[in-house]
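Since the structure of chain A is provided, determine the placement of chain B on it from the hints.
2 protein chains.
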Amino acid sequence: MRLEIPTNAERFGANTFYQVQKIYELEGGYGIDTEFDSPFHVIQQIPYDRLHEIEKDLAIIIPVKNERLRLLEGVLCGIPHACLPIVLSNSQNEPTDRFRMECSMVDTFCRHAKKKYLIAHQRSPEVARLFSDGGYLHLLDEDGLVRHGKAEGMLAGIALANLVGKKYVGFIDADNYFPGAVFEYVRIFSAGLSQSKSPYSMVRIQWHSKPKIVDAELFFAKWGRVTRITNQYLNLFLSQYTGYETEILRTGNAGEHALSMPLALALDYSTGFSVETHQFVSLMEKFGGVLPSPFPEIMKTGVEIFQIESRNPHLHEATKGQDHIREMIEYSLSVLWHSRICPALVQKDIARELRRLKIVRKNESPLQLRRYPELSTLNFSAAAAALDWSRHGNYTPA
Amino acid sequence: MRLEIPTNAERFGANTFYQVQKIYELEGGYGIDTEFDSPFHVIQQIPYDRLHEIEKDLAIIIPVKNERLRLLEGVLCGIPHACLPIVLSNSQNEPTDRFRMECSMVDTFCRHAKKKYLIAHQRSPEVARLFSDGGYLHLLDEDGLVRHGKAEGMLAGIALANLVGKKYVGFIDADNYFPGAVFEYVRIFSAGLSQSKSPYSMVRIQWHSKPKIVDAELFFAKWGRVTRITNQYLNLFLSQYTGYETEILRTGNAGEHALSMPLALALDYSTGFSVETHQFVSLMEKFGGVLPSPFPEIMKTGVEIFQIESRNPHLHEATKGQDHIREMIEYSLSVLWHSRICPALVQKDIARELRRLKIVRKNESPLQLRRYPELSTLNFSAAAAALDWSRHGNYTPA
Chain A
18 MRLEIPTNAE
28 RFGANTFYQV
38 QKIYELEGGY
48 GIDTEFDSPF
58 HVIQQIPYDR
68 LHEIEKDLAI
78 IIPVKNERLR
88 LLEGVLCGIP
98 HACLPIVLSN
108 SQNEPTDRFR
118 MECSMVDTFC
128 RHAKKKYLIA
138 HQRSPEVARL
148 FSDGGYLHLL
158 DEDGLVRHGK
168 AEGMLAGIAL
178 ANLVGKKYVG
188 FIDADNYFPG
198 AVFEYVRIFS
208 AGLSQSKSPY
218 SMVRIQWHSK
228 PKIVDAELFF
238 AKWGRVTRIT
248 NQYLNLFLSQ
258 YTGYETEILR
268 TGNAGEHALS
278 MPLALALDYS
288 TGFSVETHQF
298 VSLMEKFGGV
308 LPSPFPEIMK
318 TGVEIFQIES
328 RNPHLHEATK
338 GQDHIREMIE
348 YSLSVLWHSR
358 ICPALVQKDI
368 ARELRRLKIV
378 RKNESPLQLR
388 RYPELSTLNF
398 SAAAAALDWS
408 RHGNYTPA
Chain B
18 MRLEIPTNAE
28 RFGANTFYQV
38 QKIYELEGGY
48 GIDTEFDSPF
58 HVIQQIPYDR
68 LHEIEKDLAI
78 IIPVKNERLR
88 LLEGVLCGIP
98 HACLPIVLSN
108 SQNEPTDRFR
118 MECSMVDTFC
128 RHAKKKYLIA
138 HQRSPEVARL
148 FSDGGYLHLL
158 DEDGLVRHGK
168 AEGMLAGIAL
178 ANLVGKKYVG
188 FIDADNYFPG
198 AVFEYVRIFS
208 AGLSQSKSPY
218 SMVRIQWHSK
228 PKIVDAELFF
238 AKWGRVTRIT
248 NQYLNLFLSQ
258 YTGYETEILR
268 TGNAGEHALS
278 MPLALALDYS
288 TGFSVETHQF
298 VSLMEKFGGV
308 LPSPFPEIMK
318 TGVEIFQIES
328 RNPHLHEATK
338 GQDHIREMIE
348 YSLSVLWHSR
358 ICPALVQKDI
368 ARELRRLKIV
378 RKNESPLQLR
388 RYPELSTLNF
398 SAAAAALDWS
408 RHGNYTPA
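Protein chains in written order, with the working numbering: chain A, 18 to 415; chain B, 18 to 415.
Next up, chain A with everything else stripped away, as it sits in the complex (with noise of 0.2 Å):
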């Protein structure tokens, strides 16, 4: 791959967020280029081995719930091969058992390929024993399984792909029409961690654009509503801290990112769709020096967040209306509102945003959203022990 260095970076506490970077290459050569060999160059060429190291130890997620099959297959053909990916279903088991088609279409597509996998319902009494075991119960609900929800499956994925001993977790949606840009988004994420000075690491990508089908004829649409909202109040969040206005947060609900294994074991998470915001939030209030942060090896050593735009458009299954745009707006906003740290001017403005879309009431407060603590709290070699490998793929931990 060759892209771009980030010539422009924020820093806040020990986190340094870097600028939007601009893909030239997807495939950007064997082996070293000698063109590179120059001290003062500004595009840099990551070459195939540095890339497959990352891969090796990258697991990459895929969360589905009653995605069309062929989808996920196209979505399993765009993985490069040297990934794990970890298919975390919250699909359906009646009237139709859905699992079950996944688990036999997976199967028989791995089987072909020769491509190593694991897959786990979220609701399965054994992904819930896993976290039982490891003595992480904020995760389940009261029957004792994991609770649904996206971000929740998101973590069962990192608790899975921890005790398998990958180094690295990157999350790809299971409805994408374009193995090729799933591949990208790969690319992406194995270029981007690479580039890290830092063992916590962060990748998020912003969509080169999304088509829109508008009067019969595709409008590639660069910004939605719910991205240009939650991009506006994280940047003013920021440049409270700094001092100086700023556009440099792109990503504030990437869906597809990925990070190194301890950071994403250091973070905390907050359910549902506002996942992805959460992140920045947890970024912040731990490692931006305004509290005290839990691990001071991490505020010694530093974060690194890496924003980079992809060159394919995003061509999803497009199912969700505008009850979905509010609630993601809701959720996004909302986890900022209630962060320890939220300067009092973007909780003002916030509100005001909330109530101006009608999401509040005048005198509410914001929805006040379930947390998880840090999953370095499992206690995974516990939790390994709940789990028969055999009967979730074909990968076996060494």
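Hints are computed from structural coordinates only; laboratory data are not their basis. Hints should not be assumed to be uniformly reliable.
The list cannot tell twin chains apart, which means a pair is met if one copy fits it or any two copies do.
What the hints assert, rightly or not - Here are the simulated DSS-like pairs of lysine-lysine, each with C-alpha atoms no more than 27 Å apart in a straight line: (1) K39 x K131; (2) K39 x K133; (3) K131 x K214.
Chain B in isolation, oriented as in the chain A frame:
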């Protein structure tokens, strides 16, 4: 890349037409996977180093005609670094000079990506001189310039690619919205060509699907009307010689295709939109064993034609209407009808089809299209002197 080994093929003289192959992984691993050690596998892995060997010798010709610059930029981004893109433009010079804008964008992009490229205008006196000095006058019009038309641009591209010493040549349209799909096409070219045991080989892409907007929703059509009709008569043509009905040919209009240079120089070509269908006619005429072959060496070695199904839908800028569809059908069927070896039954059926579609009237013959003889008759060493490479990009032939 990981893909099926074709289990079925039709042989016609020295030609082997393989059935469509399915892809399992766009990126099939860094080195050889020992899983494939057994000789009983039906899926093959083509590792990156093997693909890279082909891509170093592969020119990607991008015919351009007033397509949007941002789409062309995306196409360049999707082409693997080792390939040489050759942009063959027939864009307007006035009132705005689109070609100048293309040169400027391509140069800026490739300067950043450190990518080698060539660019030329199809109607430039310099490209014309290549053919006049080389003694191949068929391509020139009354003004002494290369004729208008996509096929004509493709021929100029093949000549340029051969002049700079490339061993393979592939074609990608400039109006593709998905760089990830472009990447897949090139990988299909290199994977396909790497399978051949003969120096005379061709790879043709069957699109996964072509998204259309139907009632404000996307519908992923598999077979366009032109494709369906062309393939029907192509298969009928073939089956009249083999004696077995067949559906093996699926890529009669494959704009995305690649050839080994020795085969590209040995075929003859038909003008305009008939060029892709006519490649089959040329293969059957020259190497089918029905007529004496002008290339006994190729008759002995054999020609291998691979068809591979892409995993990405083909989403391009749709600007062409109903008239274009009728023209495509007319062009494709006319070259079959006019073949010197077209069986009488096929001629009769095609004539009936063209009348049914109101493309030709009763007692009228289908269009006789201009044909260009094999490019191997061009004197390449005389032609080489005609070009000042420094004016056409940043690539200098060895």
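Exercise. Hint by hint, which ones does this structure get wrong, listed from lowest number up?
Worked result: none
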